[in-house]
Every structure is written in C-alpha cells, then in structure tokens.
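Throw the hints in and build the complete structure from the sequences for me.
Chain residues, written in single-letter form:
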Amino acid sequence: MKRAFLLLVIPVLGWSQSAGEKVFAQSCATGYCHGARGTPAGAPRLAGRGFDQAYITNTIMRGLSGTAMPAFGSSLSRADLTAVIGYVASLNGIANPVINLGPGGPGAAGSAGTALSAEGERGRALFFDAVRGFGRCSTCHEVNGIGISVTTPITKIPADAEALRALATPDIRTATFDGEAMPALIVSQAKTRALFYDLTSPPPVLRTVDPGALKLAEGSGWRHASVIGAYNDAELTSVLAYLREAIK
Amino acid sequence: MRFLLVLFAMVTACAQDGATQADWPHYGGTQFSWRYSALDQINTGNVKNLVPVWQFQTGDYAENLQATPIVVQGVMYLITPRIQVFALDAATGHLLWQYKYPTPRPGKPGGMTFVQNRGVAVSGGKVFFGTTDNFLVALDQKTGAEQWKVSVDDPRQCGCDITAAPLIVKDKVIVGGNGGDAAHRGYLTAFYTKTGRFAWRWYVIPGPGEKGHETWKGDSWKLGGGAPWMTGSFDPELNLVYWGTGNASGDFNDEDRLVEGAKGKEANLYTASVVALDADTGKLRWYHQEVPDDLWDFDSAYECVLLDHAINGQMRKLLVHMNKSGVTFVLDRVTGEFIGAFSMPEVQTWISGITEDGKLVGRREPQAGQVVSTCPSATGAKSWNSMAYSPRTGYVYAPINEVCNDLTSTPADAVEGRFHADGGFTLKLPPDRKTYSHLDAWDPITRKRVWSMPYRYILLASVLATAGDLVFTGNPEGDFFALDARSGNKLWSYQTGAGNRGSAVSYSVGGRQFIATPTGWQQAITGAQLAPLFPDQNWRAGSTLIVFALPEAAK
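Sequence order for the protein chains is A and B. Residues in the first sequence are numbered from 0 upward in steps of one, following numbering that gives the first Met the number 0. Residues in the second sequence are numbered from 0 upward in steps of one, following numbering that gives the first Met the number 0.
None of these hints come from the bench; they were simulated from the model. Beta carbons are placed, not taken as given, at the ideal position from N, Cα and C, and that holds for glycine. Do not take every clue at face value.
[Claimed, not checked] The calculated lysine to any residue pairs, modelled on SDA-like cross-linking and capped at a C-alpha distance of 20 Å, are:
#, chain 1, residue 1, chain 2, residue 2
1, B, K193, A, D209
2, B, K148, A, A229
3, B, K221, A, A229
4, B, K282, B, F197
5, B, K193, A, F176
6, B, K169, B, K221
7, A, K155, A, E234
8, B, K148, A, G134
9, A, K247, A, I153
10, A, K190, B, D139
11, B, K264, B, R362
12, B, K148, A, T150
13, B, K282, B, V370
14, B, K221, A, R121
15, B, K193, A, R192
16, B, K221, A, G134
17, B, K141, A, D209
18, A, K21, B, V370
19, B, K148, A, S116
20, B, K193, A, P43
21, B, K221, A, I153
22, B, K221, A, A124
23, B, K427, A, F50
24, B, K193, A, P210
25, B, K99, B, K169
26, B, K447, B, A309
27, B, K427, A, K155
28, A, K190, A, V208
29, B, K282, A, G34
30, B, K427, A, V130
[As the list claims (entries may be wrong)] Distance windows between CB atoms, simulated:
#, chain 1, residue 1, chain 2, residue 2, range
31, A, A165, B, Q20, 50 to 60 Å
32, B, H93, A, A162, 56 to 66 Å
33, A, A180, B, T280, 25 to 35 Å
34, B, Q15, A, I153, 46 to 56 Å
35, A, E217, B, A144, 56 to 66 Å
36, A, S187, B, D535, 49 to 59 Å
37, A, A117, B, E254, 43 to 53 Å
See below:
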C-alpha cells in the first residue's frame, strides 16, 4: 500500500538561529555525540563541512544507516526539525535554507500525519506496549514503520475483539522438521533452502532449513487467540480503533 | 546462614578452574571470565622470540576491530562491527567461510546506534551473534549458513541494539542489549540454542508487584535504562548466571526517577548492580547495587570474574567486578555478600571514599544549572574492555584511565527509544600529571596494588593473562606488548600498525601456542571523544587480526 507523498516545502523565513541552536544542543550536542556548535566530539564535526542542503535534510530526517547517526524524522516535531536542519545548514554556510521535510511526522510509532482520537491513541500505546514484551501486537505486525513485519501488512481490520481472536489464518501450515511438528508461516521455498517462521511460541523465529528435510501440511493448530492473551477485550477494542485510524 | 556458608565452603574446597586450554571457547575465555590461558609454551623466558605468523584483514575498516575471537578445535570465529563473520583456520589464517549480515534498516528514531560488535558465541554446531538492528542470529558452524534469526526488540521503538557477545549457558544463548542512555527498560533474554525459541527474559527494572519496583518514581520504571549491554558469566556448580547492569536513565539527572527521600539509599534497582540469576528460569537470586542513584553514567555492565580463594582460612566462591568508576567489588558469589572493595584510579573526586561495608561516601553529584567537575569521567576509568585474572599470581590485571569530566545536568522528559542522558560531559585531563593511564596488577584479596605500568595516553584494550606468567595488551599507538605477570616488566613489544582496543586471546593448534589480537582504532564514540585530549596523537584506524607464535624451530 503506497501512501500519497505529502511534501511540505517550507520557505524558511521562520527558522531562527537560536531555536536551532537550542534543539542542536539538546538533541545533537549531547552525551556521546556531536560537540557544541558542530565541533567534533564523539561524532564528527558538522561545521564547515560543505554539506549541501539535501544531504543535511536527508541525514537528519533518515539517519545514516550503519552508523550511530539516528533518524530524527519521526522523533522531533516539525518545528524542531526545521530549526535544527536550518541550524546545521547555517554551520555550512547556507544562509537561506529551503527545507523540504518530506512525508511523515512526529510520533515515533505514530500516525499517518493525522492526529489520533483518544481511543486510537490508547490503542496505539497498547499495540506497541513494551511492558507486554513479546505479548504485544508489534512482535509480529509492523504499522507505520514500527514493529516486526512477520506477516503481510494489516489491511482488513476485524470488527471486534471476538473476531480478532477468531481470525482465520489459512497461511499458517504445519511444518515437520527435525522430528518435530510446529505451526509455520512459509517465507520462501527455493531448491537449496526453505525459510519459515516457527510460531511455536512468541516471538516468531525465522528458520532456514534444507527443503529436503522439511515436510509441510495444510492447516495448523495455531490460533491468533493464543498470542493476544496479554490484552483484555477493552484493550483489544482500543487496538482495533487505532488500526482503523492508522491504516487507510 | 553462617553455618551454611561454612558447610558450602567445605564442600567446594577445591577451587574451580576457569582457565582455557587449547580452545578459547567463550567471550571471557571460559564462562568464569578470567581471560587466562593455561598454555605456557610462550613464557617469560622466550616471549622475546615471539613473531607474527599470520594476519587477517577484515576489509571492514570504518569502525575498528573490538571482537574477542572464539577458537574451537583449530577454527577461529571472528566478527566485525558491520557484522561480517569469518571462520578461519586458526593455524594459518586460511578463510574457511564468510557471512555478511544484510545492512540494517536505517537509523532508529532519536536513539543512537552503536556500530560495534564484541564477539560471537559458539555452541552445539552453531555460531551466535547480535546485530545493530537487534536481532539474534545463529549460523551453521561448518558452513556459515543462517539457521535461525529472531528479533529481540524493534530498535526503532526501543532505541537499543546489541554489541555484546552472547553467553552460552547449557542449552541456552543469553544476550544483553544497549539502550542504557536511551529511554528504555533494560533486560537480558535467553533463547534455546537449537531452535531460537524464547526461554526467559529478566528485566533489570522490576515491574509492578515485584520487589524493587518501589525504588522507582511514578512511571519512570518503564523507561529507566539499566541495559546489561556486555557479557556475563556462569557458574555451573551453582547454576547461576552473573551479569552487570547499566546505568539508570537519565544518566546525569535523577529528578524523574528518584523516589522522594531515597537520596543516599539503594535506588533504581537493579541498575548499576551485579545480579545472580537462576540459569534455567532467569529468576533473580541475589543482587548487589554498586552505584545507588547513579548520576555519573557509571555503568556496571562489565565482566564478572568468578574465582575461588580462601578468606580467613575458608575457601570461598568469589566474584570480582569493576564498574566504570574503577571501584572494584569482591562479593561472595553464592550469596552476594559484600567482602571488600577497592578503587583502581589514582584520581578520584566523584566520591571521597568507600566504607568498610561497601557504601559510597562524599558523593559529588552533578547539579542542574551548574557545571560539576568529577573524576573519573563518564568514558570510564575502565569501560567494556575486560580485565584478566591469573590463578598463578592471584592478581587481576586491568587498564585504568585517568580522565576527568565537566558534567552538566539538564532534566528532560523521557521519550521511549530516544537518547535520554539528561545532560552531558566534557572530557578533560587531570592537572599535574604526565601519564593518563596505567596497567595495574591488584591482589583482590588483600586489595593492594602489586605493580603499575604507567602510560602517557589512555588504554582501551582488554587484557590477556597466561600460564607463561605473561600479561598481554595493546595501546592506541599500535604497540601490542607482553609484561611479566609478577613484576610488570615489559618483556616484548610489537608495532601492529594501528591502534589497539580489541581483546587478545591465546589458543593452540597441533601443539603450537598462538596469541591473537585484533587491531584498529575506533573512530567513533569513546575512542574519538578521548582522542582530542591529546593533540599530538596519531591513533590509526584499521581492522586486522594479527597472530603471533614462537618460530617453529624455537618452540
């Protein structure tokens, strides 16, 4: 499912040096990371590097894969992002930055850009609730960029908690491997290797086996009800409300 | 209680052996974490003849090489920060197989990814490692083919990642994660080695209804840090797993996590502690909190050295553990009873001292709105790099840095998965010194320093001790060297060409003893923070494993 790109092009008259410096001090020049005013510290110097605007924006929004540089695009507010991107641009001699923040928005586990209702927000917190460990929904489902995408994206949302428990899961089959039968979600089957999620107990384990040693049968004893026991009916109702708002 | 202890001491009058033999099977050598090899072919008499016999360049030069190589039956398993795993013929360096983990998804929201890896674990035909995007992976030990892979947590939510080598305990593989400086609730997780299935999880911070929960203010327990981000130890006789836990978060300000009236008491359990867990269930058996209400980022996440020694004529099962402050605790590892403590750094201003029963006194705490100078620094008198213990000398060997910092304390709201240090630190060198580190030998029973080798810069590599009465480590200038374990005299040194901050090991193949050390300086985080203190330094990056032995004719 592709979401329409919402491009926010802000001709930044609004960003102020002092606001940007403040965000930089709080989020970038801290702990093990960059030094004050873009000096080198645990992380490299940022002042006078000749970075162009697109690079600065992209790096702050998305982070640098494989390095300690995190993505701030979904964790800072748009105002703070604009301020800090403008500030780093100023450190690189860009006087009048044009900042294009692109799609997405605040709220790490969040919304598609629209605010959630109170119940939706409650459901969002429950969906990703770390206190529930491997009992939380995001152990197997990714929504808006957070969670482990074991299954295909959620598209149909059950009507109520009862329907959520009774969810049909025809894709889950019974794999027999190494003398043991287990509920399995097949990821791929090639000549030399087969990949499947072993759903015996949460979290799912992605196992790679020799296809010759794997026997598959249709259907399984696995039930969605058995892995959502960390939530009561009222909580599941909120989770469903969240999904209805978040998945368009 | 006392009677039971005496009885137990009698039963186990024979000290357990934590030395490695031909293999180097675990991160800390054995599960006792001595980093001590029983091999003595290379010794004080012939170490001067040591020569490099092979080297292996990983090609992964961006960060450095910190990993402890694991050696099993003549095969070495080595991992790089960007998660390439190599199986090498340990006698020749010949590549047997290699594996490359797919580049992790982009950075996580507002957290901080530590791109490091400190080693694999090997057991039951599999090679295990953690990843920067928080998976635990098992490979086939013979081929390097992936066997299973499980997500420990979504790093985009928790702001955590795995840099530690996992610990094998019987049929389980136990792994800790990072996230102590992020708003995250630290934990250890055990999986079954065979299937990758979940076995148990122990949260550093107790949940509602659990003992210790009352030491957290409001909801701060949910995001209070404590990540046990290094590798623990295991005593099979007691069936106990030992682990050090990380600092509470926010690091430098306790406003949102300290219960009213708790100042100066145990607080924020079980952060900055050593804990003993039942190996089968992960249930807490005992704990000892080293830095109650930590305000200096003094992680206690480091190695637990398990050794047996007589105390007042009775053989005792002990645990020696140092946290980032350099204060080193000696505990009874059956009960957690405090036995003694000593502080290895020479410059210590964060406390005025430690009482006879192990309490910190004269705490010099960071204050909101002020700059408070303390020593040692948040980068640690010693950090994750391990000490070593030799049963022949009875000494522990540890590199200690003499660096101070100016701490700021700025309370900020904890947002899940985001960096939450609540302040920062600026490093500086203590005045009136010419050397800023030293490699020390300490007797943990008498709590006396036996010898000390001063060094002009800092030392960030682990230490290896051997039955040849040798102590090996390296420095950022690239010298890898051997000292006499009894006197500290330097007997041999080799310029490896790049800064050393890895973990050397010893093993033998076909009767020939080898010493292997990773080389390459770290260009980010701690290594990079310390480097500007020394404008004349030229600590070089790299990622090469260098292996030494005596010439064939001389062995």
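Now for the hints, and whether the structure bears them out:
Note on K193 (chain B) and D209 (chain A): the hinted pairing holds, with a Cα-Cα distance of about 15 Å set against a maximum of 20 Å. Using a Cα cut-off of 20 Å, the hinted pair K148 (chain B) and A229 (chain A) is violated, with the two alpha carbons roughly 24 Å apart. At most 20 Å may separate the alpha-carbon atoms for a hinted pair to count; K221 (chain B) and A229 (chain A) meet this at roughly 17 Å. For a cut-off of 20 Å, the pair hint linking K282 (chain B) to F197 (chain B) stands: about 15 Å separates their Cα positions.
At most 20 Å may separate the alpha-carbon atoms for a hinted pair to count; K193 (chain B) and F176 (chain A) meet this at roughly 12 Å. About 31 Å separates the Cα atoms of K169 (chain B) and K221 (chain B), which puts this hinted pair outside 20 Å; it is violated. A C-alpha spacing of about 19 Å is found between K155 (chain A) and E234 (chain A), which places the hinted pair at or below 20 Å, so the restraint holds. A C-alpha spacing of about 18 Å is found between K148 (chain B) and G134 (chain A), which places the hinted pair at or below 20 Å, so the restraint holds.
A C-alpha spacing of about 10 Å is found between K247 (chain A) and I153 (chain A), which places the hinted pair at or below 20 Å, so the restraint holds. Between K190 (chain A) and D139 (chain B), the direct Cα distance comes to roughly 18 Å. Compliance with the 20 Å bound is thereby established for this hinted pair. Between K264 (chain B) and R362 (chain B), the direct Cα distance comes to roughly 12 Å. Compliance with the 20 Å bound is thereby established for this hinted pair. For the hint linking K148 (chain B) to T150 (chain A), the alpha-carbon distance of about 15 Å falls within 20 Å, and the restraint holds.
Taken as a hint, the K282 (chain B) and V370 (chain B) pair is broken in the structure, with Cα atoms around 41 Å apart against an allowance of 20 Å. Using a Cα cut-off of 20 Å, the hinted pair K221 (chain B) and R121 (chain A) holds, with the two alpha carbons roughly 16 Å apart. Distance check on the hinted pair: K193 (chain B) and R192 (chain A) sit about 18 Å apart at the alpha-carbon level, within 20 Å; holds. For the proposed pair K221 (chain B) and G134 (chain A), the alpha carbon gap of about 16 Å is at most 20 Å, so the pair holds.
Note on K141 (chain B) and D209 (chain A): the hinted pairing holds, with a Cα-Cα distance of about 15 Å set against a maximum of 20 Å. For the hint linking K21 (chain A) to V370 (chain B), the alpha-carbon distance of about 18 Å falls within 20 Å, and the restraint holds. Among the hinted pairs, K148 (chain B) with S116 (chain A) is inconsistent with the structure: their alpha-carbon atoms are about 37 Å apart, more than 20 Å. The suggested pairing of K193 (chain B) with P43 (chain A) is violated, with an alpha-carbon distance near 42 Å, which exceeds 20 Å.
A threshold of 20 Å between alpha carbons decides the hint, and for K221 (chain B) with I153 (chain A) the separation of about 28 Å lies outside it, so the pair is violated. Between K221 (chain B) and A124 (chain A) the CA atoms are separated by roughly 13 Å; this keeps the pair inside 20 Å, and the hint holds. For the suggested pair K427 (chain B) and F50 (chain A), the alpha carbons sit about 30 Å apart, so the restraint of at most 20 Å is broken. The straight-line distance between the Cα atoms of K193 (chain B) and P210 (chain A) is roughly 18 Å, inside the 20 Å bound, and the hint therefore holds.
Taken as a hint, the K99 (chain B) and K169 (chain B) pair is broken in the structure, with Cα atoms around 27 Å apart against an allowance of 20 Å. Taken as a hint, the K447 (chain B) and A309 (chain B) pair is honoured in the structure, with Cα atoms around 16 Å apart against an allowance of 20 Å. A hinted pair counts as satisfied when its Cα atoms are at most 20 Å apart, and K427 (chain B) with K155 (chain A) does not qualify at roughly 58 Å. This hinted pair checks out: K190 (chain A) and V208 (chain A) have alpha carbons roughly 11 Å apart, not beyond 20 Å.
For the hint pairing K282 (chain B) with G34 (chain A), the CA-to-CA distance comes to about 42 Å; that exceeds 20 Å, so the pair is violated. This hinted pair does not check out: K427 (chain B) and V130 (chain A) have alpha carbons roughly 40 Å apart, beyond 20 Å. Separated by about 58 Å at the C-beta atoms, A165 (chain A) and Q20 (chain B) satisfy the suggested range of 50 to 60 Å. The hint said 56 to 66 Å for the Cβ distance between H93 (chain B) and A162 (chain A), and at roughly 59 Å that hint holds.
A hinted range of 25 to 35 Å holds for the C-beta pair A180 (chain A) and T280 (chain B), which are about 26 Å apart. The hint said 46 to 56 Å for the Cβ distance between Q15 (chain B) and I153 (chain A), and at roughly 53 Å that hint holds. For the pair E217 (chain A) and A144 (chain B), the beta carbons lie near 28 Å from each other, so the given range of 56 to 66 Å is not met. Between S187 (chain A) and D535 (chain B) the C-beta distance comes to about 55 Å, which sits within the given range of 49 to 59 Å.
Taking 43 to 53 Å as the suggested C-beta distance range, the pair A117 (chain A) and E254 (chain B) does not conform, at roughly 28 Å.
In the structure shown, a violation is registered for the earlier hints numbered 2, 6, 13, 19, 20, 21, 23, 25, 27, 29, 30, 35, 37, in ascending order.
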